[in-house]
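These protein sequence lines map, in sequence, to chains Z and R.
So for the first sequence, the working numbering puts the first residue at 1; every next one is plus one.
So for the second sequence, the working numbering puts the first residue at 1; every next one is plus one.
It is worth saying that the hints were derived from the structure and are not from the lab.
It is possible that part of the hints are untrue.
With a straight-line Cα cutoff of 20 Å, these simulated EDC-like cross-link-like pairs (lysine to aspartate or glutamate) come out [what the hints assert, rightly or not]: (1) R:K149 x Z:D218; (2) R:K172 x Z:D218; (3) Z:K238 x R:D340; (4) R:K228 x R:D85; (5) R:K310 x R:D340; (6) Z:K238 x R:D34.
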Amino acid sequence: MSNAAVTTATSSRATDAGKSALARLGAAFVGRLVIIIPYLWLLFFFLIPFVIVFKISLSQTAIAMPPYTPALDFRDGISGFFAQLRQLSVDNYTWLTQDALYFNAYVTSLIIAAISTVLTLLVGYPIAYGMARAPATIRPTLLMLVILPFWTSFLIRVYAWIGILKPEGLLNQMLLATGIISQPLIILNTYTAIFIGIVYSYLPFMVLPLYSSLEKMDYSLIEAAKDLGCPPTSAFWKITFPLSLPGVIAGCLLVFIPAVGEFVIPDLLGGSQTLMIGKTLWNEFFANRDWPVSSAVAVILLLLLTVPIMLFQQAQARAQEQDK
Amino acid sequence: MKSLGSIRRDFAPWNDPNAKPYIQFDNVTKKFGDFTAVNNLSLTIFEREFFALLGASGCGKSTLLRMLAGFEEPTAGRILLDGQDLRGIPPYRRPVNMMFQSYALFPHMTVENNIAFGLKQDGMPKPEIAARVAEMLKLVKLEQFAKRKPHQLSGGQRQRVALARSVAKRPKVLLLDEPLGALDKKLREETQFELMDLQQSLGLTFVVVTHDQEEAMTMADRIAIIDKGEVMQVATPAEVYEAPGSRFVAGFVGNVNMFEGRIARGEAGSASIDAGNGITIRTDNAGNAAAGTAVTFAIRPEKIKVSSAKPAGAVNAIEGEVYDIAYLGDMTVYHVRLDDGQVVRASTMNAARITEDPLSWNDRAWVSFRPDAGVVLTR
Chain Z
1 MSNAAVTTAT SSRATDAGKS ALARLGAAFV GRLVIIIPYL WLLFFFLIPF VIVFKISLSQ
61 TAIAMPPYTP ALDFRDGISG FFAQLRQLSV DNYTWLTQDA LYFNAYVTSL IIAAISTVLT
121 LLVGYPIAYG MARAPATIRP TLLMLVILPF WTSFLIRVYA WIGILKPEGL LNQMLLATGI
181 ISQPLIILNT YTAIFIGIVY SYLPFMVLPL YSSLEKMDYS LIEAAKDLGC PPTSAFWKIT
241 FPLSLPGVIA GCLLVFIPAV GEFVIPDLLG GSQTLMIGKT LWNEFFANRD WPVSSAVAVI
301 LLLLLTVPIM LFQQAQARAQ EQDK
Chain R
1 MKSLGSIRRD FAPWNDPNAK PYIQFDNVTK KFGDFTAVNN LSLTIFEREF FALLGASGCG
61 KSTLLRMLAG FEEPTAGRIL LDGQDLRGIP PYRRPVNMMF QSYALFPHMT VENNIAFGLK
121 QDGMPKPEIA ARVAEMLKLV KLEQFAKRKP HQLSGGQRQR VALARSVAKR PKVLLLDEPL
181 GALDKKLREE TQFELMDLQQ SLGLTFVVVT HDQEEAMTMA DRIAIIDKGE VMQVATPAEV
241 YEAPGSRFVA GFVGNVNMFE GRIARGEAGS ASIDAGNGIT IRTDNAGNAA AGTAVTFAIR
301 PEKIKVSSAK PAGAVNAIEG EVYDIAYLGD MTVYHVRLDD GQVVRASTMN AARITEDPLS
361 WNDRAWVSFR PDAGVVLTR
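In isolation and in its complexed conformation, chain R is listed as follows (with noise of 0.2 Å):
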């Protein structure tokens, strides 16, 4: 298998066994009452680092960043930053600042106190102020906006004002909780990539919280996948995709084809698995599971083809019926339904603007993937 490392080419610490890490969860456990948030999670976070908690609402990574900015304590376990523990600092004192979701800006004060705001509580000399604060709007293209209030700016201006009031005081790490989540879907998409050059040219850490995994995926180094308090995998974008490690992080990130079935016969590496109803998988992608071993075979609807007549050659094939054609464009997505009932969605890339041999409903169809396609879970 290829490496499905970083998108940044030259960065992953995570691999270096020497690197130090920079933010530390070790055990930490943070309870409301009855309610456990967060349960005995553990966490590296490394400097520079683009770091993206992903889960869905109420799966505790709000929590997470909650503690790293000193709103809440954990009932159990530390955090640690550069070393440092933060228990009982309290969140004036933290050398991170957050980017809140409602965005929090001071509606009283002008764009440009709102930015100021925490420079003049650090004491800084005011041409310094001043000097920062017009640096901080001319970073985020708001400079003629500097005296305007906060209610007399549109949503994507307001996202951005607070974008620069958190980065102002030139934190060691900045906290994003769900920053674009207020933004209609063009200007999401435009501001990723401001963000991520902004945290190229500041070398901040960056922790973003978000609920959205295409958020995640395009910003983020790595992701972490958080359900119930718990982390089910951290990993590159590319790995929680190409190589997820339970079912769950299959099924949450992206879409997915899964067969459950047993382990028939392995070798080194590549496998058999019986799926019940005559269909036989193999795959190159086995790991050590032992024979008989119970497991979910997981494949991307992009790697599965679909075509009417059986592909010479192929090592899995498996007949079923269009059952649904969903056209997009960019892309077709077919359900089709196998003989035992499962419907597999497989979706092709319309690289050509006419198809021969177009498939419609109902027409008798083959679903072919190679044995290196899908991935094995046993979790």
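Isolated chain Z, as found in the complex (with noise of 0.2 Å):
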């Protein structure tokens, strides 16, 4: 009697995780689709892409379309496409790392996008501090002001610069006028002019995550500070400077990632003679129209970057932990 009540009570028992057994794979369905979703736009806006580039860095330039070989194509059947595998080679790494145009190309990249990334930090910081510490009020205008240039072209804001530096342009009629120099200033085609257009066209990229991360700061950090009997100075570079780490590392990274490999700046402001790694590309990709080189080129520009994005995902994932 009892035996059979609780044979009832076990089987009952067993429908019900049968149920729910079955609800939780459909949760867990719909759970891994929500996780599958950013991993497809991940496979085909990166993943397919960056494949694509790296074969045709193994590919041979050829004059044919596509300018290059093999196709890797299925006209031969499955043994015509591994016959076509087995055409691929380094040849265009080893090709980079014979050439010292290369080398010094990605050198000078990495140089000059760092010292414009210092520059933008020294230009920027004391405005986001200027904008953190500004009243509540005027806040979202300053804000506004900072994000107002990207209302017009990036390609415009840089020609615009070629009409203020160049000899006859406006700073050197300025200073001519004025009488502070007497010659006019050769800045156009120079390094000088290439810093001057990347600090000027990211310095948005700097001055937002610095702003979010110096205005969200709590000020009675400063007076507990202050009270402790630390002057201004020293509370800034013991307070304010190591909390906003976070922001001066993702601002450096958001400058830094893409002036590695600008090409625009350089081509318009920086003259011929000037050796980046964005103009070396273009040039092997229109006036050589050698795909497989200039895909190689990519592909190395591209690992060089992998360590500073990996140090911004690091650091973004600390300033995460921080706020908890």
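Assemble the dimeric complex from its two separately framed chains, guided by the hints.
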């Protein structure tokens, strides 16, 4: 009697378990789907294009459409496909190491990007600090002013700098008129012009993350530091700056990463003799029509930038940890 | 009237005419634009005193503290600390430390480094810093949390780190801005006593800002009651409660019943007050109020007795109806509506477990009190 009751209870529990297991499976599927979508996104828009570029970098240049071999197709069946695969080689990468031009271009790009990043930080930090300490009522306006240049095309804004920096340009006219200089300054087509262009163009990418980390900082921390005997400058270096580090790192990487591969600014403001990897890439691709070599240049550039991108993600994770 | 003195028997420098004030606010005014936060205020605080600034939010009490710390400069008047005018001295050169309401712990530093921060600023030698930090951690019982970051601590632990950091430098004066505001009730009560012990053992002068009257009453030697940037009364907790100087103070601290009336007949100290509607109150505490003066008679609920029959020989007994009863365990609060409509609040300690003759809603009842139970207020 009691045994039967127990059995019934058990079986009903089993049915419940079966139902809930099904429900759980469904929920798990929906849960997976939510994760799968971004992965699909990455697959289509990042991984597949990258694989294509990587494959081209292993091909040989050819006078054909597309301008490289093998083209990898299935016209000769699976075995033909594998025969084509065997034609791929790392020749282009070897080529990159043999010509000093590429190495110099990479190094110059990294140095120019690093210097520009430091300059942008020096210009951007006081701006972000001033914005974060401004009365709360005018902060949205200041923020708007930082974003405002984006309303004009980047290309046009860089062109405008030619008009300002050229020997008979606005800047020289002003300086000559006020008598500060007697000879026009040669700025256009020098590295200085590139620095000016990069600092100007990327300033918002530095200011915004800095602002957001400075703005959420509790001002009573500075008061506490002063209260404990810390003069204002020292309080800045001991409290404000360390606490804004996530913003500093984010801003620096947002400037550094695109600046390394920058093409428009060195091309328009730096003149023909500047050696930056973005320009080299453009030349290989459009002037020489050497898709395989330019793809190899792009792959190496990507690998070079992976390191700072990983640093960036680590910094972000750390910032989130601190927010908790 | 018996003495309404300090809770510390031998400590009452404010009654000593020769005592030198330690902190002095001299006619201090602070304006923010059009808003007057502190209005021509004068105060003296003595060395080793536990002084509380009590008031509702926005009354200017925090501004007083911030002026003492050096974060704000008075618009007019001066503040003296141990005889030295503080005007123009930046916060980092003042011998006072503050415990912030938000605690303001440095989030990127460990507990240890938070406490050591001020000591490093002073250029104290490293071994001494280590010793002092260890001592402070022991004082606030956080030895095992030395290496933690503030976000890994509970609210109560953070409060203690903030306290340790602010006393680590042994300041002449410790300023506490709502030090217990963020703690739950039980922890707050425990911490009140810890703060008092700390103040005693370190021999520091404490100035605490609070809106919690119970907190101020528990901890402080004297309380300044602030309203709209002005001092309403400065007195010991017992004085503030038993001898409030004005209607505002009587109403602000604790519960009180007030009767408006006129002095009908004044003798030396005692008087009859005609409170209208046939109610006459006899009191011994009329001071020297002249006959005909409009006064408020204020009496605390626990000094009023409620009974179902008129007590024999009672000087003051008024009849009414029980309107509401709140049983709070340790005591019972009766709301008695007098025949003129005024509601009187009376509380009775439940000293016995079972009360004979319990009152119920809508019962006729008498409220009675002794002639020395209330105070007469003219302001």
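Hints, one by one, checked against the model:
Straight-line distance between C-alpha atoms of R:K149 and Z:D218 comes to about 17 Å, which keeps the hinted pair within the 20 Å bound. Using a Cα cut-off of 20 Å, the hinted pair R:K172 and Z:D218 is violated, with the two alpha carbons roughly 27 Å apart. Restraint check for Z:K238 and R:D340: not satisfied, since their Cα atoms lie roughly 67 Å apart, outside the 20 Å limit. A distance of roughly 25 Å separates the Cα atoms of R:K228 and R:D85; the hinted pair therefore is violated under the 20 Å criterion.
The hinted pair formed by R:K310 and R:D340 meets the criterion: a straight-line CA distance of about 18 Å does not exceed 20 Å. Distance check on the hinted pair: Z:K238 and R:D34 sit about 36 Å apart at the alpha-carbon level, beyond 20 Å; violated.
The structure shown violates the earlier hints numbered 2, 3, 4, 6.
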